[in-house]
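**Q** Each chain is listed here by its residues.
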Amino acid sequence: MMTNLAAGRAADRIMDMAADTAAEAQEMLAITDLKTHFFTQKGVVPAVDGVSIRIPEKQVMGIVGESGCGKSVTAMSILQLVSRPGRIVGGSIMLDGEELVGKSVKEMRNIRGNKVSVIFQEPMTSLNPVYTVGRQVSEAITVHRQVGKQEARQQVVEMFKAVGIPEAERRFNSFPHQLSGGLRQRVMIAMAMVCQPKLMIADEPTTALDVTIEAQILHLMRRLEEKSNTSIMLITHNMGVVAEICDFVYVMYAGKVMEQAPVFELFDHTKHPYTKGLLNSIPKPTEEKQRLYNIKGMVPNLLRLPKGCRFSPRCEYAMPECREREPELYDCGKNHKVRCFLYQKDQGGGADE
Amino acid sequence: MQNSDILILNDQNLPPDLGLPPAEDIDAELLDNETMGDRIKTMLRKNKLAAASFVVIVLMCLAAAFAPFLTPYEPNKTSLKDRLAPPSREHILGCDELGRDHFTRLLYGTRVSVMIGLFPTSVAMIIGTVLGLFAGFYGGKIDFVIMRLADVVLAFPSLLLAMVVSYTLKGGIISIFLALAAVKWARTARVIRAQTLSMKEKEFVEAARSLGVKKSTIMFRHILPNCLPNLIVLLTLNIPESILDEASLSFLGIGAQPPSTSWGLMVFRCKPFLFEYPWLAIAPGVAILVFVLAFNFLGDGVRDALDPYLKD
Amino acid sequence: MNNTLNHDGAKVLAAAENVVKEFKLSGNIRRGQMVVHAVTDVSLNIYEGETLAMVGESGCGKSTMGRLILRLLEPTAGTVRFEGRDLAELGEEELRHLRKKMQIIFQDPYASLNPRMTVAQIIAEPLNTHQIYGSQKETEARVKELMKKVGIRPEFTNRYPHQFSGGQRQRIGIARALALNPKLIVCDEPVSALDVSIQAQILNLLHDLQKEMGLTYLFISHDLSVVRYISDRICVMFLGKICEVGPTEEIFRAPKHPYTRFLLEAVPKPNPHLRKEQKAFLTGEMPSPVKPPAGCRFHTRCPLAVQRCSQEVPVLRNIEGRQVACHLVTA
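Protein chains in written order, with our numbering: chain A, 1 to 353; chain B, 354 to 665; chain C, 666 to 996.
What the hints contain is simulated information worked out from the structure, not anything from laboratory work.
All values derive from a computational prediction rather than experimental measurement.
We treat Cβ as the ideally placed atom computed from N, Cα and C, and that holds for glycine.
Any given hint could be a false lead.
A partial selection of chain A residues facing chain C, derived with a Cβ cut-off under 7 Å [to be verified]:
{"#": "1", "residue": "S67"}
{"#": "2", "residue": "D210"}
{"#": "3", "residue": "M298"}
Looking at chain A on its own, in the form it has when it is part of the complex (with noise of 0.2 Å):
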């Protein structure tokens, strides 16, 4: 019975690898079986603990979760821009057929801002005060290419044009201060473009703006990435800001990926209890002032797992199985796949409840 069961499960393993494999040609980036560790005083913190995410090329790829899913780590992994007391124990990062992990800090240097770019979450503290923001966007250009002062202006006020910064000639001038967290946001954006990458990671990038500048700043991502040959991957908690953008969506938890779908398959058919919980949790307007939804406990201690399903001790589906052993990601058809002893059943097929 277990060797049958773990012949077909290796049998599984080789065609998902057969299939990777012929996928992988129009694939801009590639994670298979990423492990970023931390190595704590306390015990080894498994942040990221095999994850595989494939990113078309020109698509808007979403990754959801909570604090401390590990989705920020994973974009910290694809930059090499892990530092002690972390590491990435395994797998592999292909960006456009070339293998990041190992790559010295040298070779990542020309990769950085030049083939993958980031945006973060507070657009002022990842500019430098004491220099004009045109000056800081210039350097992004000389930095990786040789063109001179002149030129580099001239692609910075277009670039500032493209992302809708008004009267770019005079914005070139500013300090960070004097600008507002829109503009500095598009600044962000404008500095992670103007190499025009095959990657920008946009660690929560509306997080700390308002909603209708939020509107803006997502409307021109999209519109960027339709116009260029940029893969977008958006790291997020928001599941409007998913729904608004994204093509694809990857949900994680504790470090793993527990369901990837394309958008609208992810929000029509949602499988996992996880993202169930999630959608419930936000307050619906049909609902009159009911009790919200909401995921029983907290996010589990990295430092404890526990045994079987990271989920199972919050999930209200919970079986005796998932408390034993850990679940795969079971395929459910329309690229649909979910980290659901509920859905092994699925897997391979095209069944759909």
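For chain A, the structure is supplied; the task is to place chains B and C on it using the hints.
**A** Leaving out everything else, chains B and C in the frame of chain A:
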């Protein structure tokens, strides 16, 4: 210890969400009740230099306290036959120009020096803390007056000011106490004022106000405890500084008055014999050096141990 | 604004009358003294037992309004009343006693609890300050009762705030606010620093407590989905002035003020089918509160603005059961 984890993970160049649940998100049951004392204990266990410094300081203080039991000699008893005797089995550090046992005098000098290190510093810091708290909390005119006063004190060469105070009070240990206290409160006041200003804006202070807590309670119960790490660091900086200042004052002849002695005075008095009988000046000099270094190392360690709080 | 009852017959608990709050920025040699107009001429009633939500973007003055109502800030001009009494006329001691009836819950559960006090000390502080109980034992019992009420294990009394998660800390903050059985609680973005699943737990808690204790909430938030869930009425602010006040559902169904309309439109909805390719965007940035635009403060960003909007300040008028401050909206 989870605090060191936070310390590392708070690293400036990393985004706040590192996937590691902030220690806060770890189940409360798993955490021990770690107080500031615990943090310092853990630090001492890990930081060997700080631990050694701590031991040295304790030993020196004990030696000063139990001086009569550690030596068979009287500190002020002269013996002409032992005048400027070199180190020997009877006199480990030899004898000074009046034939007094040098080691004994060093022990008794420790009493004065350590007291100079502790008392004026404590007085100065209490004054400075209270003034700093008031200046920061009330602002406006109170702040202006206190801070300009502090500026004046800080703008004056502190040693000169201490000399003036010391001379007006006709010398002696007590006058040194007062002189040092008069010049040392200003720095504490500045640091505590700055800390109070930042604490005043914290939401927990606003929460206390909204609860109707009295101003004095807010100052001493909410703001003061949060200045503690700063105070501890200031203390470990101020104590050795006072000892050095006393040494300087004694060296200039206005510190401890003979026949009582202090490390600084011993260096001063043994100066004429520096080339022929170098051990006489070197011994108290080394004592000063070791004590001051020990305090600096300990201060560094304590500051590191309490840093996560400072970062808050 | 003299009516003390609303149409349901509820009494006015707290009221702001033509309140103005200006902050002076430290002088600058070139530009001279600068003044931030945080709140300008705002009148507002908070009725007993209701949840009034203050919404708006950063810098609109909603948090300042909350602190003015509690008199944690003194208004530059205008009157704030609580149960009919003008707070400016109260002496320091009287005000301290009145604070028993009004409390605040903060956004940041990390900054709002003193890191050097234990949970028991934090929750007992209001009780000790106002000497509610004669003995330490009674106080302790009340602290444990409060902890149970907000969902924290009472065994944790001797723990420090940093040993709790964000959601639990927010519960401690709520317990502290509840300790004196207040009438009004100002909730200043109480859930925006929390994860979604924890957010729902806290909202439920606030909702249950309101029912159980008959609390009145002034709920300050920028998150419209949360506001829609929890509030009875909404007050929309823009740059220190009220745009629109009215019952929550009506405003969500048919916003009248152009700013309210854009604000509601801008919220990203958790449903990809509602994704609109060409959303109506508010263009431009927030004007500076140091130099607010003349006339209607929204006119520089308002696509419907006419000449009158840049000249004449619109007053808050009663239109179909709500109040709107816009020249273009008519009954």
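**Q** Each of the hints needs a verdict: does it hold here or not?
**A** Quick rundown of the hints versus the structure:
| no. | hint | result |
| --- | --- | --- |
| 1 | S67 | 6 Å, holds |
| 2 | D210 | 4 Å, holds |
| 3 | M298 | 6 Å, holds |
Checked against the numbered hints given earlier, the structure satisfies every one of them.
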